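Chains as they are written, first to last, in the UniProt record's numbering: chain H, 1 to 447; chain S, 1 to 473.
Do not take every clue at face value.
Claimed, not checked - Stretch-level coverage of chain H by chain S, calculated; a stretch enters the list once three of its residues show a Cβ under 8 angstroms from a Cβ in chain S:
no., segment
1, 208-214
2, 335-346
3, 350-356
Hints listed in this document are in silico derivations from the structure and should not be mistaken for laboratory results.
Predicted, not measured: the structure shown is a model, and the values here were computed from it.
Virtual Cβ for every residue (Gly too), placed ideally from N, Cα, C.
For reference, the chains in residue letters:
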Amino acid sequence: MTAGNGRRDGSPYAPHTDADEAAMLDAVGVESAESLFDIPEDVRFDGEFGIDATDERDLRESIANLFARNEELTEFLGRGHHAHYVPALVDDLSRRSEFLTSYTQYQPEIAQGFLQALFEYQSMLVELTGLPVANCSMYDAATALAEAALLANRLRRGASGHRVLVPEHLQEGRLGVLENYLDGADMEIGNYPMDDGAVDLDALSDLVDDETVMVYAESPTVRGVIEENLSEIGDLAHENDALFCLGSDVVALALLEEPASVGADVVVGEADALGLGTSYGMGLGIFATREKFLRQVPGRLVGASEDAEDMRAFTLTLQTREQHIRKERATSNICTNQAWVALRTAMHIAWLGPDRLVNLATRAVTDARDLAARLDDISGLQAPVYDRHHFREFVVHTDQPAPAIANDLAGRGFAVHTLDDHHLQVCITDVNADAADRLVAAFEEVA
Amino acid sequence: MNFDQARFSRDDHYEPLLSEKDSTTVEVDDDGVLPDDLTRDELTLPGLSEPQLARHYTRLSQMNYSVELGPYPLGSCTMKYNPSFTEDVAADPNAAVHPDRSDRTIQGTLGLLHDLQEQLAEIGGMDAVTLQPPAGAAGEFTGILIAKAYHEARGDDRSEIIIPASAHGTNFASAALAGYDVVELPSDEDGRVDIEALDAAISEETAALMLTNPNTLGLFERDILEISEMVHDAGGLLYYDGANFNALLGRARPGDMGFDIMHYNVHKTFATPHGGGGPGAGPVGVVEELAEYLPSPMVQETAAGYELTEPESSIGKVHGFGGNWLVLVKAYAYIARLGDSGLSDASAKAVLNANYLASQLDLEVPYGPFHHEFAATSGDRDAADVAKRMLDYGVHPPTTKWPELVSQAMLTEPTEVEDKASLDDLAHAFNAAYADSDEALETAPTKTSARRIDQVSAARNPRLSWQALGDDE
Numbered sequence: 001m002t003a004g005n006g007r008r009d010g011s012p013y014a015p016h017t018d019a020d021e022a023a024m025l026d027a028v029g030v031e032s033a034e035s036l037f038d039i040p041e042d043v044r045f046d047g048e049f050g051i052d053a054t055d056e057r058d059l060r061e062s063i064a065n066l067f068a069r070n071e072e073l074t075e076f077l078g079r080g081h082h083a084h085y086v087p088a089l090v091d092d093l094s095r096r097s098e099f100l101t102s103y104t105q106y107q108p109e110i111a112q113g114f115l116q117a118l119f120e121y122q123s124m125l126v127e128l129t130g131l132p133v134a135n136c137s138m139y140d141a142a143t144a145l146a147e148a149a150l151l152a153n154r155l156r157r158g159a160s161g162h163r164v165l166v167p168e169h170l171q172e173g174r175l176g177v178l179e180n181y182l183d184g185a186d187m188e189i190g191n192y193p194m195d196d197g198a199v200d201l202d203a204l205s206d207l208v209d210d211e212t213v214m215v216y217a218e219s220p221t222v223r224g225v226i227e228e229n230l231s232e233i234g235d236l237a238h239e240n241d242a243l244f245c246l247g248s249d250v251v252a253l254a255l256l257e258e259p260a261s262v263g264a265d266v267v268v269g270e271a272d273a274l275g276l277g278t279s280y281g282m283g284l285g286i287f288a289t290r291e292k293f294l295r296q297v298p299g300r301l302v303g304a305s306e307d308a309e310d311m312r313a314f315t316l317t318l319q320t321r322e323q324h325i326r327k328e329r330a331t332s333n334i335c336t337n338q339a340w341v342a343l344r345t346a347m348h349i350a351w352l353g354p355d356r357l358v359n360l361a362t363r364a365v366t367d368a369r370d371l372a373a374r375l376d377d378i379s380g381l382q383a384p385v386y387d388r389h390h391f392r393e394f395v396v397h398t399d400q401p402a403p404a405i406a407n408d409l410a411g412r413g414f415a416v417h418t419l420d421d422h423h424l425q426v427c428i429t430d431v432n433a434d435a436a437d438r439l440v441a442a443f444e445e446v447a
Numbered sequence: 001m002n003f004d005q006a007r008f009s010r011d012d013h014y015e016p017l018l019s020e021k022d023s024t025t026v027e028v029d030d031d032g033v034l035p036d037d038l039t040r041d042e043l044t045l046p047g048l049s050e051p052q053l054a055r056h057y058t059r060l061s062q063m064n065y066s067v068e069l070g071p072y073p074l075g076s077c078t079m080k081y082n083p084s085f086t087e088d089v090a091a092d093p094n095a096a097v098h099p100d101r102s103d104r105t106i107q108g109t110l111g112l113l114h115d116l117q118e119q120l121a122e123i124g125g126m127d128a129v130t131l132q133p134p135a136g137a138a139g140e141f142t143g144i145l146i147a148k149a150y151h152e153a154r155g156d157d158r159s160e161i162i163i164p165a166s167a168h169g170t171n172f173a174s175a176a177l178a179g180y181d182v183v184e185l186p187s188d189e190d191g192r193v194d195i196e197a198l199d200a201a202i203s204e205e206t207a208a209l210m211l212t213n214p215n216t217l218g219l220f221e222r223d224i225l226e227i228s229e230m231v232h233d234a235g236g237l238l239y240y241d242g243a244n245f246n247a248l249l250g251r252a253r254p255g256d257m258g259f260d261i262m263h264y265n266v267h268k269t270f271a272t273p274h275g276g277g278g279p280g281a282g283p284v285g286v287v288e289e290l291a292e293y294l295p296s297p298m299v300q301e302t303a304a305g306y307e308l309t310e311p312e313s314s315i316g317k318v319h320g321f322g323g324n325w326l327v328l329v330k331a332y333a334y335i336a337r338l339g340d341s342g343l344s345d346a347s348a349k350a351v352l353n354a355n356y357l358a359s360q361l362d363l364e365v366p367y368g369p370f371h372h373e374f375a376a377t378s379g380d381r382d383a384a385d386v387a388k389r390m391l392d393y394g395v396h397p398p399t400t401k402w403p404e405l406v407s408q409a410m411l412t413e414p415t416e417v418e419d420k421a422s423l424d425d426l427a428h429a430f431n432a433a434y435a436d437s438d439e440a441l442e443t444a445p446t447k448t449s450a451r452r453i454d455q456v457s458a459a460r461n462p463r464l465s466w467q468a469l470g471d472d473e
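Working from the sequences, and respecting the hints, build out all of it.
Written as structure tokens, this is what we have:
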């Protein structure tokens, strides 16, 4: 096979001609590139990885064949990773190499385009949350939640108490990440129970105390329930001098109560529900908070300033919070983030505009309600299990064993979540709504 | 080469914000779908047509420099060309699956992840690899959590992580995040680990030493086996920061140097696009003895196919799901495209390019022999000003004023993708900027979309959203 410039081997992306290489070696004053490696013999590697180089065309075919081994199932899956239709404009423009192949904007004068796009992303999150500060991304909802807990703990430094209260219904990955991030700060996690799928206020009231630094609640919950008592939860937190952290997602925020109006101090959640599509759990973490916590915010912030010609211009700012300057005293260890996903999400939000975004969110309520009602009509199923309003997804009780039903559904081309022996979870969005009739028919056969 | 970056301007600003093009407020009237008290009252966002948006974002893209426009020699950042075909591979609709799918229905996805685990292990000389950490810093944090779990399992509570002063800032922050005290290690006069200082720093409190090799001056830590012995003799572990791994492919492996844990920056070494700051991916490799602590799940090959499994004493989760899938696919495609010979050649050319570029500079490079990157010094010129002036020559400048060991440092990593002509352009930009007048340096840049931006004003008077603009004017 040939590499770049007709050479027989080597990297196709290292474009040196033999003549150039010779001239360069000559300029350096060495015989070969090999002699530039100052590696002691005793740690030299002279083996092989055993990876064969592959022609681009053959490689594309072999990877396509590999992916073709995935079964073609219509997914009614959510639980923290949601897909909505991503318009072609997002793929097309975000893949422009000026965006895709740029680095973090450490030289802002030559990176105004990306900085402005991230500033616009932050602004959209400010509008959706009602909170005045939004950073330009965390890895995902799980790490954003963990960072919120650490922020809450820093505010309480020196005072007693390092407990974070989280709901009994919490996506496994979010709980797991939270445990790992809190371990190093000697913080602990307390669970509060749910009542019919929503926060059990009485139980929470008993649990929250002066040891509590943060109360976390979600709307919608991981099981799709829209929380009805957010203000009361916020009050409980604030009465005990704890922060109220609300978990949501970028679509739900367009419809549900504005977080700032229910007393949220920090909003976390997933923004990748717009702009990214199904991507095996890859995320975009929202992080928004109040002005007074600005200097405790993790991650990068884009701000407006002026250039030497007094024109408005954008730059990364307040970087003294960050690891490359503050090292072990930084607000977070995050460096590389999810900037390109934030760009895509901003493009998707802009493409929808406020009308279509609100409609998309409204449909998440009505489609879930309609599908649950149709499943409830099927003998052997009860849906939704919780007598609550739902967003996108809901839990279904099955008289027959749930794993067997899920298995039978997979045989008919559908994927749903199995929660336990008699509970499934089903998620509907604009991406799979066209298949709802077929899903109902399949349930009728297998339930 | 002459360069003028695109510049769309109007009145006192460049391309208007989306909110300045349109701001539409809609009543959130959900027709009684939900009770009133569960919904917000209104929502204000731009309401623009697709053609308007296409133009907006295309203009913004033209006001952004990228590796496909020219050299991007940021030290320790490895800004390589990102092969186009990897984007198409990652966009395969058959790969767009949800992470909660049952194992047997996503054998293609799991197969790719399994192969990538194996290949990274082989390339790093490690025994097992997790793909879950979504970035390099997340990989560091994961690795330190593994070290912590290992010590705790032995009933051996240790409180310190030793890190050279010249290390990446994330090392310090990741160690602190995991609850460790950081012991900062000075460099010796050659720019490498000071063995005597290391000896003094190591104690029974040492959980691990984090090292970058070659270090941030591009120097190989020649005493690595001795360092490894010292750390291991004291019961500590050795952690490899993979940010500079592009220098060593096929020539040395962290596992063979005595490292117990390492992370790979696939967005550096394996050419996945940086996307304006991310996403990246920071897989972590460990030696056999530590494999039981890896995050959950791992992909295992069994007689029945690929399965997700939980390591026996797993530290649990470091990402909500499986990490940055799209990035991992692109890394896999890059590795398979290059194979042994291409990977090895990439490092050879990366090292040759750094050495050739340095040989063409009028700036002094105080430490060597270096590999894929070097720290030049701009001497009595301000490195940040020289960097701003370099922008006017149509190239991206290097990392400036870091590492602090070199005064007025310009940490330069051209990577293997530049050819000789491109390196000559880059050298010209360095030398011309370095020789320019004080006035030219102070007023630079003049060819970019925006002129020198006031950082002090941005930080003193934070305006972080379009809602905040005008508040203080």
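Structure-based check of all given hints:
1. 208-214: violated (count 0)
2. 335-346: Result for this restraint: holds, n = 8.
3. 350-356: Per the Cβ count (5), the hint holds.
In summary, the structure is inconsistent with hint 1 from the numbered list given earlier, while agreeing with all the others.
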